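Chains as they are written, first to last, in the numbering used here: chain A, 1 to 405; chain B, 1 to 298.
Derived from the structure by calculation, the hints contain no laboratory data. Heads up, some of the hints might be wrong.
As the list claims (entries may be wrong) - Pairwise CB distance ranges, derived in the manner of DEER restraints:
id : chain 1 : residue 1 : chain 2 : residue 2 : range
1  : A       : F215      : B       : V150      : 47 to 55 angstroms
2  : B       : W160      : A       : D199      : 30 to 38 angstroms
3  : B       : D118      : A       : A359      : 26 to 34 angstroms
4  : B       : D92       : A       : Q70       : 39 to 47 angstroms
5  : A       : F83       : B       : K241      : 53 to 61 angstroms
6  : A       : F83       : B       : I284      : 49 to 57 angstroms
7  : B       : L280      : A       : P296      : 45 to 53 angstroms
8  : A       : M404      : B       : L280      : 25 to 33 angstroms
9  : B       : W288      : A       : K258      : 27 to 35 angstroms
10 : B       : D118      : A       : Y187      : 22 to 30 angstroms
11 : A       : V378      : B       : D2        : 32 to 40 angstroms
12 : A       : A359      : B       : L280      : 49 to 57 angstroms
Being a predicted model, the structure only gives us computed values, none of them experimental. Don't be surprised by glycine CBs; every beta carbon is placed ideally from N, CA and C.
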Amino acid sequence: MDNDAPVNQRRRDILKAAAASATAASAGMLLPSVTLAQPARIKIGLMLPYSGTYTALGVAIENGLRLALQEQGGKLGGREVEFVKVDDESEPAKATDNTNRLVTRDKVDIVVGTVHSGVAGAMIRITRESGTLHIIPNAGVGAATGPLCAPNIFRTSFSNWQSGYAMGAVLAKRPSVKNVVTLTWRYAAGEEFVKGFKDGFKGGGKIAKELYLPFPDVEFQALLTEIGSIKPDATYSFFAGGGAAKFVKDYNQAGLRKTIPLCGPGFLTDGILEAVGNAAEGLETTLHYGDGLETPKNKAFRVAYAKAFKLNPDVYAVQGYDTGLLLIAGLNAVKGDIGNKKGIIAAMSKAKIDSPRGAWSMSRAHNPIQDIYLRKVVGTENRVTGIAVKALDDDPASIKQCKMA
Amino acid sequence: MDFYTFLIQLLNSVQYGLLLFLVASGLTLLLGIMGIINVAHGSFYMIGAYLAWSLAEQLGSLWIAIPAGVLLTVAIAMVLEWLVIRKLYRRDHLYQVLLTYGLILVFEDMRSVIWGDDVHGVNIPGILAGSLPLTDNLSYPVYRLFISGVCLAVALAMYWIIQRTRLGMVVRAGYSNREMVQSLGINIEFIYRVVFAFGVALAALAGMIAAPVSSVFPGMGSQVLIICFVVVVIGGMGSVKGALLASLLIGFADTFGKVLHLEIGGIRLLPELSSMTVYLLMAIVLLWRPEGFFGKRV
Numbered sequence: 001m002d003n004d005a006p007v008n009q010r011r012r013d014i015l016k017a018a019a020a021s022a023t024a025a026s027a028g029m030l031l032p033s034v035t036l037a038q039p040a041r042i043k044i045g046l047m048l049p050y051s052g053t054y055t056a057l058g059v060a061i062e063n064g065l066r067l068a069l070q071e072q073g074g075k076l077g078g079r080e081v082e083f084v085k086v087d088d089e090s091e092p093a094k095a096t097d098n099t100n101r102l103v104t105r106d107k108v109d110i111v112v113g114t115v116h117s118g119v120a121g122a123m124i125r126i127t128r129e130s131g132t133l134h135i136i137p138n139a140g141v142g143a144a145t146g147p148l149c150a151p152n153i154f155r156t157s158f159s160n161w162q163s164g165y166a167m168g169a170v171l172a173k174r175p176s177v178k179n180v181v182t183l184t185w186r187y188a189a190g191e192e193f194v195k196g197f198k199d200g201f202k203g204g205g206k207i208a209k210e211l212y213l214p215f216p217d218v219e220f221q222a223l224l225t226e227i228g229s230i231k232p233d234a235t236y237s238f239f240a241g242g243g244a245a246k247f248v249k250d251y252n253q254a255g256l257r258k259t260i261p262l263c264g265p266g267f268l269t270d271g272i273l274e275a276v277g278n279a280a281e282g283l284e285t286t287l288h289y290g291d292g293l294e295t296p297k298n299k300a301f302r303v304a305y306a307k308a309f310k311l312n313p314d315v316y317a318v319q320g321y322d323t324g325l326l327l328i329a330g331l332n333a334v335k336g337d338i339g340n341k342k343g344i345i346a347a348m349s350k351a352k353i354d355s356p357r358g359a360w361s362m363s364r365a366h367n368p369i370q371d372i373y374l375r376k377v378v379g380t381e382n383r384v385t386g387i388a389v390k391a392l393d394d395d396p397a398s399i400k401q402c403k404m405a
Numbered sequence: 001m002d003f004y005t006f007l008i009q010l011l012n013s014v015q016y017g018l019l020l021f022l023v024a025s026g027l028t029l030l031l032g033i034m035g036i037i038n039v040a041h042g043s044f045y046m047i048g049a050y051l052a053w054s055l056a057e058q059l060g061s062l063w064i065a066i067p068a069g070v071l072l073t074v075a076i077a078m079v080l081e082w083l084v085i086r087k088l089y090r091r092d093h094l095y096q097v098l099l100t101y102g103l104i105l106v107f108e109d110m111r112s113v114i115w116g117d118d119v120h121g122v123n124i125p126g127i128l129a130g131s132l133p134l135t136d137n138l139s140y141p142v143y144r145l146f147i148s149g150v151c152l153a154v155a156l157a158m159y160w161i162i163q164r165t166r167l168g169m170v171v172r173a174g175y176s177n178r179e180m181v182q183s184l185g186i187n188i189e190f191i192y193r194v195v196f197a198f199g200v201a202l203a204a205l206a207g208m209i210a211a212p213v214s215s216v217f218p219g220m221g222s223q224v225l226i227i228c229f230v231v232v233v234i235g236g237m238g239s240v241k242g243a244l245l246a247s248l249l250i251g252f253a254d255t256f257g258k259v260l261h262l263e264i265g266g267i268r269l270l271p272e273l274s275s276m277t278v279y280l281l282m283a284i285v286l287l288w289r290p291e292g293f294f295g296k297r298v
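So that you can see chain B by itself, here it is in the shape it has in the complex:
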């Protein structure tokens, strides 16, 4: 690998890492701040992607489809929280996994009924459709750089809201001691509903932003779910900083795991290594710090 190719692979790593962060951020938020394990996270990602596709077809532009889709998912999430999720805050994590798992089945079948089982594509909006030339035969899609920009903006906004605003403080306090916050006259139920909706909207937003590059297809949610949990676990529960660092590290491990091979005398050693690099990374990090990079010690 020459130096220039190496630089491009670095760019690929960062770009993939940032995309992972965007996809996993909603999960970090719900798990770390509210203590809810939401295995239906991937389903919201899928719903976002399908909304981006169907709304962009009807409204004519992805730029209108994205805010409309976010509003729609916020509304769905609020109703969902009121219907079922709020009964789970005091329950064991097992109940949360069971219920949100049930939601996966419901959403998957509803997707099949409403949108069918076909593969769909979403067009990249005109001004972002171009590519920047990198070498004589490789170019980089502008839209991928745009995704990276959105991811960074989301990371900064999340960090700021959780650490620097009153809302963030109340939510964090609510997780440590719900009754105390309530007795101070704060409507914690409403705040939780808002945060849940925000976490779901983040998942849907990730699906919408990623739709033009990933295509829209059944089962796309379960593909991202596992890697999202890896990000959250490596980064430390609830740490936005940790999730960002973990995403970037996974981006590097995955990219270079795919293109660097151990070869001796032309024979490849461990051809399966590329499918393991991410999990090796996770194992190493957890051996060193069982609570993840920025997790609270338990």
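Just chain A, same shape as in the assembly:
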């Protein structure tokens, strides 16, 4: 429900205000001396979801980032690091205030955020103006590294288009796939995945029909019947979270899984395999990471992460870790001189990130140029079966719109 936000906010603000005044009363005298004593610290503002549906994603990103810094003795370019955390609640309406708090009030040197594309979009509008270094550790919204790109804004995750394109390219090479139906929610991310898919599928068969559902509707039955009557050779679909779980189950129960293979971006099957049982068996998806990637770097990362946080890492943890690697590359190049923004940006733009997902580098518009993997659901694992597209850049149409020197 949309209108629970204001009350939620007020309730939280009251709590925060109460807590803040209590702290100020007891320890108010100490605050100035603390800030004066450590002038050389680098301040990183983490604006991530720490409540709501995406909590686990926010925590994984922070963990990944901390792990990368720990491997450098907790330092960036030889300087101590201080974190300022803000819960963005995946709430676009609060994004502007939250970002301003970090940039203007806390005067952070670097902003890291966030998961939700709508919130990330609002953050970009501010960091473009202020020039604060901004790393996006997840949100795949195309505009961030397209029309809204900026020298100080980098993304360490993916663009929605990349993931869609890779699946299209895989199907285009299969002669048996002549007709494809796409089905997703009608909102920005869904349409970007489908656009990517269509671009990748060019030269293959044709798109028989594009089906859409209002966001976040989960009553799929009518559209499944439609797919059954069109009889395509494959269905490309994007849903996420609870919607994805319900869709994958409904698709299976409608009897379509065996006759019309279902495929999509990795988010269709990530985090839901326990919930859907065998309904997802054999589903193929594309993503920039997958379970059981047999590289020494990935194995070492998985062991270190599990040891540090008693959790298994996922794609979000990798993105957080790579955010750390990117910052290390930038700050080490200028020996921790956070004032030398030009030098940092130059080093980050040229960085080769040796990631658990495989090595990648920054595109002209600051989006990863990376291998996208083809994965297949086996039991409760998204097993990597090969590379769908090697060293894939972002949507050429989007890069063209990036007006960066």
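Given chain A's structure and the hints, the job is docking chain B onto it.
Only chain B this time, still in chain A's reference frame:
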């Protein structure tokens, strides 16, 4: 769309309509009979779904989980009624909305603490797990037909209790004139507690029955809440008959709104139409009958 596909879409409409009725029935009952606006209705739906999941895991079967879950929610609802809801009967609707809204926040956080934020699945019981073949590539899950059956049974039982039994009569009388009923020696407070618990149990039951097809996830309650209010408003406050008719109509509007497109020369007109059909239907019905199909004229 060929005729056979059309028939299947009709089946989809009826099935979705009946499910909507089951989900909205508890709300109709509380709003129409007791005059309570319970915006926490969706939360009870969610609690039902989570109970179905966790009890089925522990007890080993959905068949045991459902009655156990219903009993549990009835107990919770009785306590809740005694603690807070009974103070609201004489109050303005605004107080009811505020308080039950507060309950949403409480339940949502408690859900997060007790059950976490993950997506879960509930297995369909063995004998209902099959599918009936419809065409060469489409089949219909037996469980969905079972849901329709449960919905019809609930509709009939509600209609019978409210219109034909003494309990129903007392409750209806209590809504029109509380003091009069009390002065006739009827313990109206207790009866209200029972009815409130029954309304909440209906929401939870809907969540439990729907859990295997909808999956269990945070925020699932707020997804159904709005459509429930649409059902109640179109059907007319408190009318079981109206709610059933409204649910079925919404089922049709939604299903066919999704698959029928206005196309001229290959270009789709109004691509957003599918998200509006239900609300268009509501607007048209309310223009024609502001009190809904079977609502009392005000």
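The hints, checked one at a time:
1. Distance hint for A/F215 and B/V150: a CB-CB separation of about 29 angstroms, inconsistent with the stated range 47 to 55 angstroms.
2. Checking the proposed 30 to 38 angstroms range against B/W160 and A/D199 shows it is violated: the Cβ atoms sit about 59 angstroms from each other.
3. Hint check: B/D118 to A/A359, Cβ distance near 32 angstroms, so the stated range 26 to 34 angstroms holds.
4. Between B/D92 and A/Q70 the beta carbons are some 57 angstroms apart, a value that contradicts the proposed interval 39 to 47 angstroms.
5. For A/F83 paired with B/K241, a C-beta distance near 60 angstroms keeps the hint of 53 to 61 angstroms intact.
6. Remark: the range hint 49 to 57 angstroms for A/F83 to B/I284 is upheld by a beta-carbon distance near 55 angstroms.
7. At about 59 angstroms, the beta-carbon gap between B/L280 and A/P296 misses the expected band of 45 to 53 angstroms.
8. For the pair A/M404 and B/L280, the beta carbons lie near 45 angstroms from each other, so the given range of 25 to 33 angstroms is not met.
9. A beta carbon spacing of about 47 angstroms between B/W288 and A/K258 contradicts the range 27 to 35 angstroms that was offered as a hint.
10. In this structure the hint that B/D118 and A/Y187 lie 22 to 30 angstroms apart at CB holds, the actual value being about 23 angstroms.
11. Roughly 38 angstroms separates the CB atoms of A/V378 and B/D2, a value that falls within the hinted 32 to 40 angstroms.
12. The hint said 49 to 57 angstroms for the Cβ distance between A/A359 and B/L280, and at roughly 53 angstroms that hint holds.
Checked against the numbered hints given earlier, the structure breaks hints 1, 2, 4, 7, 8, 9 and satisfies all the rest.
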